[in-house]
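**Q** What follows is the residue order along each chain.
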Amino acid sequence: MKTARFCGAMVAITLLAAACGDDSPSANPNEAPRVIGEGEKALNLIVWAGYAEDGSTSPDYDWVHPFQDKTGCIVKSKIAATSDEMFQLMSTGQYDGVSASGDSSVRLIDAGLVSPVNTSLIQNYADLSSFLKNQPYNTSGGKNYGIPHGWGANYLMWNSDVVTTAPDSWNVVFDKASPYKGKVTAYDAPIYIADAALYLKTAQPDLGIKDPYSLTQKQFDASVALLKDQHSIIGEYWNDYSKAASAFEQGSTVLGTTWQVIKNTAELAGSKNLQAVLPKEGATGWSDTWMVSSKAAHPNCMYMWMDYITSPDVQAQVAYYFGEAPANPKACADIATRYQDTTHCDVFKATDEAFAKSISFWATPRKKCLDGSGNDCVPFVDWIKAWTEIKG
Amino acid sequence: MLIFYVGSLASLFLTSLYRLNEDGSGIEKVIGLQNYKELAHNSVYLDITLRTLKIAVLVTLLDIVLALPIAFFMAKVVSPRFRRLLVAAVLVPLWASYLVKAFSWRAIIGSPGGVLDKTFGMSPNYGEIGLVIVLAYLWLPYMVVPIYAGLERLPDSLLDASSDLGAHFGFTFRKVVLPLLMPAIVAGSVFTFSLSLGDYIAVDLVGGNTQVIGSVVFDTFSADLPFAAAFAVVPVIIMVAYILGIRRTGALENL
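Chains as they are written, first to last, in the numbering used here: chain E, 1 to 392; chain Z, 1001 to 1255.
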């Protein structure tokens, strides 16, 4: 009797799940819209920390409220710490858009979670740096799947009170005998394996690494081995930017990979001894894209947001706050007037196409090598497993 | 209630039998044991499981040691009015957000620059020891309350009788109080043990580079859901075994 009732309940649940599971998307998600309709009064975003500031971190940085006043779209933003988290959040279908980096954007396109974007609806699209358009990480099958937002590198940061010799190479974070043992940090995500591969590209040229995201098993194993050695000097890994900022601020971490926004956050909290540099081996980095969910409940507000965030004035604010190169070079003039900073775009080489090409932007490793070198590259699934092993 | 509870566990178990497709972009709903094989095959997962168990055991023992005198003092020593105040004091930390408490401990045990480091010049810093301390702090009320309840049920006359017969306090405690209190302690340990087994947030905040089952599940679930589900089944099995094991002690009636 008990069993029968239990089974009945299970059947009921299955039916319920089937009824709810069929959430047919509005309009055709494989077609980009022709016009932006009326705003839906709401917008749910998944963003990197610092991309949708509403004044709560610092009252000086607020570009969400002006957008809400202008469009009536009330923004709810959810900060994601890693690309994997972004992918996971997008697959819930509860968000309208995302600021995806290259190591999730392709996965999002492949999984059908994002829709093609009609770039002609974005007034500022024409002004964006041409080397960011029609790239493998935002375009697939000749269709654009997003609007470039900005780009930058992962820097090496140190506390100059403790680390008195300014480093210029990533070797300081891979040195097993580091004098800063226990106070070194690294980014806590499988994609960080590419940082080791990038270092080995110069440090061990006989491995023949060309692209840190297209690794043969041998190159991959060497990178993983390097990171296993590094594990002994790591105090803690970070993927939450505020945790990383507080660790640097307190001094429990004195050396490691960072984002400019972490340095800025720590400095807003009072740190005065942090330095960051782009080491001589080059760096991994990101080039971010605003993408529209294929299940977006508020697509019009999302288009309004994409147009807003790429306008020179807003690009200036977000690029200055986050510490990145704006996708829209017109923002440089706005940064100069708004923040009296004429060097920002030079520092981040915002219009330097050759420099942008030298950064190894995050990408999703696949079996079919991204750099076209063959079909024997280590796929991302193995990167994830290896990352667990590295941390032990 | 039961349906949702059992249903989610069933779906967890079912998911753990699926696998990721070739390019890792989706899940293939093919039943197989490959995730469990991988768990068994790669020694890193055994290490992580044993480490998680070790932490859970240490947290539980530390909580027992801390909770016994607190609960005894509350139940047998102080006046009834002061007792109510102490019960409230033990429960008050539960009202504060878990996250805030864990984050405050970051500021306390961090080294250098943490409160402990600045005050005493030494600190466990982020790592396994720090983690055990923080978890023991977080779950302490869950141990104090059952033991306190157990002591309240223990008649004072037994203590008096023992001391009238010449037993000193330590002897009375070992031979009279502890055996009668065992079910309450075991009941508390179910809480502290299972909460420690599943935690990943405090681990992330104060565990340094310590990896436990919860953190691996959290790190992998977005990219490889079936594998994360398989690893999440492990603590479920451990807890079921633990509860089956203690059913004989009668502790479950104290929950």
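Heads up, a few of these hints could be off.
Straight line, CA to CA, 27 Å or less: simulated DSS-like cross-link-like pairs of lysine-lysine [stated by the list, open to error]:
{"id": "1", "chain 1": "Z", "residue 1": "1054", "chain 2": "E", "residue 2": "385"}
{"id": "2", "chain 1": "Z", "residue 1": "1118", "chain 2": "E", "residue 2": "272"}
{"id": "3", "chain 1": "Z", "residue 1": "1037", "chain 2": "E", "residue 2": "385"}
{"id": "4", "chain 1": "Z", "residue 1": "1037", "chain 2": "E", "residue 2": "367"}
{"id": "5", "chain 1": "Z", "residue 1": "1101", "chain 2": "E", "residue 2": "263"}
{"id": "6", "chain 1": "Z", "residue 1": "1175", "chain 2": "Z", "residue 2": "1076"}
{"id": "7", "chain 1": "Z", "residue 1": "1175", "chain 2": "E", "residue 2": "385"}
These are computed hints drawn from the structure, not numbers from a lab.
Since the model is a prediction, treat every value here as computed from it, not as a measurement.
**Q** For the pair supplied as a hint, residue 1037 of chain Z and residue 367 of chain E, is the alpha-carbon distance within the 27 Å limit?
**A** Given pair residue 1037 of chain Z, residue 367 of chain E holds - Cα atoms ~23 Å apart, limit 27 Å.
**Q** Has the given pair, residue 1054 of chain Z with residue 385 of chain E, been kept, meaning a C-alpha gap of at most 27 Å?
**A** Since the Cα atoms of residue 1054 of chain Z and residue 385 of chain E sit roughly 23 Å apart, the hinted pair holds (cutoff 27 Å).
**Q** For a C-alpha distance cap of 27 Å, please report whether residue 1037 of chain Z and residue 385 of chain E respect it.
**A** holds, 14 Å
**Q** Take the C-alpha atoms of residue 1118 of chain Z and residue 272 of chain E, compute the straight-line distance between them, and say whether it is at most 27 Å.
**A** holds, 20 Å
**Q** Taking only the CA atoms, is the gap from residue 1175 of chain Z to residue 1076 of chain Z under or equal to 27 Å?
**A** holds, 17 Å
**Q** Within a Cα-Cα threshold of 27 Å, do residue 1175 of chain Z and residue 385 of chain E meet the stated pairing?
**A** violated, 51 Å
**Q** Run the distance test for residue 1101 of chain Z versus residue 263 of chain E: straight-line Cα separation, threshold 27 Å.
**A** Roughly 25 Å separates the two Cα atoms, so the pair holds.
Consistency note: the structure conflicts with earlier hint 7 alone.
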